[in-house]
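Participant: Protein chains in written order, with the working numbering: chain A, 1 to 521; chain B, 1 to 521.
Quick caveat, the hints were computed from the structure, so don't treat them as lab data.
Since the model is a prediction, treat every value here as computed from it, not as a measurement.
One thing to keep in mind: the hints can contain errors.
Think about it this way: if two alpha-carbon atoms lie no more than 30 angstroms apart in a straight line, the pair counts; the simulated BS3-like pairs of lysine-lysine are [to be verified]: (1) A:K151 to B:K306; (2) A:K362 to B:K254; (3) B:K192 to A:K192; (4) B:K362 to B:K384; (5) B:K476 to A:K476; (6) A:K51 to B:K60; (7) A:K306 to B:K296; (8) A:K51 to B:K296; (9) A:K254 to B:K2; (10) B:K476 to A:K445; (11) B:K151 to A:K271; (12) B:K254 to B:K362; (13) B:K296 to B:K306; (14) B:K60 to A:K362; (15) A:K476 to B:K2; (16) A:K60 to B:K296; (17) A:K192 to B:K254; (18) B:K2 to B:K51; (19) B:K2 to B:K192; (20) B:K384 to A:K476; (21) A:K355 to B:K51; (22) A:K151 to B:K60; (23) A:K306 to A:K362; (24) A:K418 to B:K476; (25) A:K151 to B:K296; (26) A:K306 to B:K151; (27) A:K68 to B:K418.
Number of protein chains: 2
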Amino acid sequence: MKFSLYDTTLRDGTQGEGVNFSSLDKLRIAHQLDEFGVHYIEGGWPGSNPKDIEFFNLAKNETFKTSKIAAFGSTRRAGIAVHEDPQVLTLLAADTPVVTFYGKSWLMHVTEVLRTTPDENRAMIRDTVRFCKEAGREVIYDAEHFFDGYKDEPEYALSTLAAALEGGADMLVLCETNGGCLPDEIADIVSKVRERFPDAAIGIHTHDDGGLGVANALAAIRAGATQVQGTINGYGERTGNCNLTTIIPNLQLKMGIEVVPDLTKLTELSKYVDDVANLPHFPRAPFVGSSAFSHKGGTHVNAVQKLSRSYEHIPPATVGNHQVVLVSDLSGQDNILHKANELGFKLARGAPGVKGILDAVKQRENEGYEYETADASFELLIRKILGEYTPTFDLLEYHTTHRTHGVRGFETCEATIKMDMNGQRVYTVEEGDGPVNALDQALRKALITVYPEIAQITLCDYKVRIIDSKSGSAAKTRVLIESTDGVTHWGTVGVSFNIIDASWEALVDSIDYFLNRHKSA
Amino acid sequence: MKFSLYDTTLRDGTQGEGVNFSSLDKLRIAHQLDEFGVHYIEGGWPGSNPKDIEFFNLAKNETFKTSKIAAFGSTRRAGIAVHEDPQVLTLLAADTPVVTFYGKSWLMHVTEVLRTTPDENRAMIRDTVRFCKEAGREVIYDAEHFFDGYKDEPEYALSTLAAALEGGADMLVLCETNGGCLPDEIADIVSKVRERFPDAAIGIHTHDDGGLGVANALAAIRAGATQVQGTINGYGERTGNCNLTTIIPNLQLKMGIEVVPDLTKLTELSKYVDDVANLPHFPRAPFVGSSAFSHKGGTHVNAVQKLSRSYEHIPPATVGNHQVVLVSDLSGQDNILHKANELGFKLARGAPGVKGILDAVKQRENEGYEYETADASFELLIRKILGEYTPTFDLLEYHTTHRTHGVRGFETCEATIKMDMNGQRVYTVEEGDGPVNALDQALRKALITVYPEIAQITLCDYKVRIIDSKSGSAAKTRVLIESTDGVTHWGTVGVSFNIIDASWEALVDSIDYFLNRHKSA
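So that you can see chain A by itself, here it is in the shape it has in the complex (with noise of 0.2 angstroms):
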């Protein structure tokens, strides 16, 4: 039987506390779903909210090559024939290839939470599940709870998946709904399923909660499920769905099933999906995070550079992601060349200069910088040790005043700079919310008559930390900055016992940076 992906981003990956998508940003999901391979594509719940039915009514003009579009809903109520449901009709009104809908295996839900006879549940799957067999559909049966359920009462759970069957559902899918079962009791209860039912497709759905939704997915796989449902970057309620990010190059690369025809578009595909749904990429994400193949000690990237499996499960490229050496207090000077030349610099061990920037860096450090995260100061600083750098403003001074009117008053909060560029005296003003604040506005006026662009820089992040944590307010700061011009990010530091100094460090470095980037560009 051919392995399928079913992915769920759009309907329980939307259960996810943060995670809200429009049903033009569900469309537009799917279509780089489908260009990625994905079998199956779960858009959403049409019975619970019109969002749903509007991203339905787009997607039946649109052409998939490779997926088909489910729609998502539950069995028909208690007591009401199927027919008449309106949850039902709504269901099968989305007008998809596939239905799916979940229905209760767990007899502690059918008896408590829809308090209703063992009896009655099961036909109410089965007559969901023909009903929509007869209106044409392919049918996929979501068995909710079906692990705890078996837990419990292991012959009711496999009698709703017979009901199930009897109605002629395409797939059974096991699901682990929440999320605490360990993999080998899945890979033990999948195979009392497949013994009971040598002939019907199964499939698996897990979450996370016990920081196990890939591991159970891949035990159910390994003892003969042949559909995984899961999200990508494992998006979902509670602590997430079965991570697809995660799942799929692990089957692809170290169990050998075929899943999607192109593993380097993975890395792409996740953070395109984190940037429609406006939330940060996850940096230790496996595969595909921006730390998955990151080294920091010496050893390590001595020995990845003489060998990279050494250090490196799989090469990076395999899953579009790549390599990062990060430069620190416990990196030599194999981290600084390799840093250096990814950053375009041609430098080989022992070359002019490299001497230079390994002292700079050495000294910089013990002064309190970091640079693991400022691609951007670092760069310059090499710039500078090398003598390509050209200074494209000249600070003469700034001051910056403060005013509180009572603990939660009126404030004010004011900064003026004055500096020389190209010759010229520019002297500006400009409040702010803070003095950081106020600083970065003053810059800006000062620098953007002559260089417009500055324009898209926004800070996207500012952390701060005291260095030498004995001495309080007196110690030394560092002040990381993140910016981003909308299309790539960087990273800038500064270090002062003044914290508004340190902030301003790593603020004209932002903006330096930028400038630099564009004269060379």
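Keeping the supplied structure of chain A fixed, place chain B upon it in accordance with the hints.
Facilitator: Frame of chain A; chain B shown alone:
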């Protein structure tokens, strides 16, 4: 054999991108791990940097009730006598009861990375274990890349373990260094090792590159391993190490292996370590994340209100977490009551004032406050609401000025404070390194004549985070300050659009808390 937890947050954890600890940070975390009941704490690699040596010097004078401190290193170098190897000597000089070091199990690493012979590699392992044992230490041997090595050349990999046992190693830890193996491979290989060395104690050290760090460690434990190595919140190189905050509750609640005395402290510990590292807490983290027990879908909310285990794999309180209902927020009362009573207030459910505290906390958390590490601010808030607070001073106005000549030139920062103290107008001015330090100085100057005891207060940590990271320097800022009087430590929090105001709020809370405590003592 008793099961043991081995924490390497302070060593392998710091290999993670963005994870940096001062030696004092390490000491604070070590005490929390000890309180929690971790059996071994790996503090660092003394041979690699002076910061780690400093940690071991500090730790020597501290008392730990459960944890043994371990120093980490590597085998002796090839072609040198073990007692002449400076790295090994530095390792022993750390003077810890436990010494852990790694050696090579993978023949490819021996020949391509170390560039030595298979025999010499075994001798390096054997000699180093023996030398450390003769120095009277408990020796834990980390067999780096054991699984990859075994898959390539099983007999060679096993022979390196034999060398460690010949030297007298107390524990053989099988390391899945590259993080790319599957749980079934792990189970199989651990069983083979157990067959070969039935009397040896076996540990497991995994990484999360395939998203299976926890699952792989669980598979090894099922196959007989009795120690797990990992890090709090899964810090570590690339995608991180086995996440102890995930595996501990799985072991204790799902597999019935007793590992810590009180699991309800887990969420608090997880947040504490993130706070010290100044990293955001991952909301979707299993067990301890803020979304781990959150419910959004209507059917789920309805069901969990009938029966919490309908969509929760464990009761959230078991791990010190709580249920969150995203539509109608009913939760939190128990946490707040627990915390308030911990601070010495005697409040019962429904007591007068409880609702007021609950509402205030909800509102302030919504504004960006966070009381996890800000006990002192939380206590002041409760006192104010219960009417058990008398102000020590009344601030009328404050003002800071900052001037710099040239980017690295002469700079001054001045603060003035006008306040009313017992009907007396006090107006002081001081200067400092940065506006916060200047305000601190001016405030102390104003208060010290009336309250000479404030001279005992030192600020020992100061952390700043942007709350909404989308809008850069104009976003809200949260400041966390930790203070000490040399005997106890307390944390305070301030939030504002302006970093100076946020700092000021946390500063005032710190001194106010101290003075209030003195008055009531």
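Participant: Please go over all the hints and tell whether each is borne out by the structure.
Facilitator: Okay, the hints, checked on the actual structure:
Distance restraint check for K151 (chain A) and K306 (chain B): the Cα-Cα separation of roughly 21 angstroms lies within the 30 angstroms cut-off, and the hinted pair is therefore satisfied. Of the pairs offered as hints, the one joining K362 (chain A) and K254 (chain B) is violated, with about 48 angstroms between alpha carbons and a cut-off of 30 angstroms exceeded. Restraint check for K192 (chain B) and K192 (chain A): the C-alpha separation of about 28 angstroms stays at or below 30 angstroms, so the hint holds. Distance check on the hinted pair: K362 (chain B) and K384 (chain B) sit about 16 angstroms apart at the alpha-carbon level, within 30 angstroms; holds.
In summary, the hint linking K476 (chain B) to K476 (chain A) is supported, as the alpha carbons are separated by about 23 angstroms, within the 30 angstroms threshold. Restraint check for K51 (chain A) and K60 (chain B): not satisfied, since their Cα atoms lie roughly 62 angstroms apart, outside the 30 angstroms limit. The hinted pair formed by K306 (chain A) and K296 (chain B) fails the criterion: a straight-line CA distance of about 50 angstroms is larger than 30 angstroms. The suggested pairing of K51 (chain A) with K296 (chain B) holds, with an alpha-carbon distance near 17 angstroms, which does not exceed 30 angstroms.
A threshold of 30 angstroms between alpha carbons decides the hint, and for K254 (chain A) with K2 (chain B) the separation of about 34 angstroms lies outside it, so the pair is violated. This hinted pair checks out: K476 (chain B) and K445 (chain A) have alpha carbons roughly 23 angstroms apart, not beyond 30 angstroms. Distance hint between K151 (chain B) and K271 (chain A) is unfulfilled; the C-alpha atoms sit about 34 angstroms from each other, more than 30 angstroms. For the hint linking K254 (chain B) to K362 (chain B), the alpha-carbon distance of about 33 angstroms lies beyond 30 angstroms, and the restraint is violated.
Between K296 (chain B) and K306 (chain B) the alpha-carbon distance is near 15 angstroms, which keeps this suggested pair within the 30 angstroms criterion. Note on K60 (chain B) and K362 (chain A): the hinted pairing holds, with a Cα-Cα distance of about 29 angstroms set against a maximum of 30 angstroms. Between K476 (chain A) and K2 (chain B) the CA atoms are separated by roughly 45 angstroms; this puts the pair beyond 30 angstroms, and the hint is violated. Taking the CA atoms of K60 (chain A) and K296 (chain B), the gap is near 28 angstroms; set against the 30 angstroms cutoff, the hint holds.
For a cut-off of 30 angstroms, the pair hint linking K192 (chain A) to K254 (chain B) stands: about 21 angstroms separates their Cα positions. The hinted pair formed by K2 (chain B) and K51 (chain B) fails the criterion: a straight-line CA distance of about 33 angstroms is larger than 30 angstroms. Of the supplied pair hints, the one linking K2 (chain B) and K192 (chain B) holds, its CA atoms being roughly 21 angstroms apart against a limit of 30 angstroms. Pair hint K384 (chain B) plus K476 (chain A) does not hold up; C-alpha atoms about 34 angstroms apart against a cutoff of 30 angstroms.
The suggested pairing of K355 (chain A) with K51 (chain B) holds, with an alpha-carbon distance near 24 angstroms, which does not exceed 30 angstroms. Under the criterion of a C-alpha separation no larger than 30 angstroms, the hint pairing K151 (chain A) with K60 (chain B) is inconsistent with the structure, at around 50 angstroms. Straight-line distance between C-alpha atoms of K306 (chain A) and K362 (chain A) comes to about 24 angstroms, which keeps the hinted pair within the 30 angstroms bound. Between K418 (chain A) and K476 (chain B) the CA atoms are separated by roughly 28 angstroms; this keeps the pair inside 30 angstroms, and the hint holds.
Pair hint K151 (chain A) plus K296 (chain B) holds up; C-alpha atoms about 26 angstroms apart against a cutoff of 30 angstroms. With a C-alpha separation of about 21 angstroms, the suggested pair K306 (chain A) and K151 (chain B) falls inside the 30 angstroms cut-off, and the hint holds. Of the pairs offered as hints, the one joining K68 (chain A) and K418 (chain B) is violated, with about 70 angstroms between alpha carbons and a cut-off of 30 angstroms exceeded.
When the structure is compared with the earlier hints, violations turn up for hints 2, 6, 7, 9, 11, 12, 15, 18, 20, 22 and 27 and for no others.
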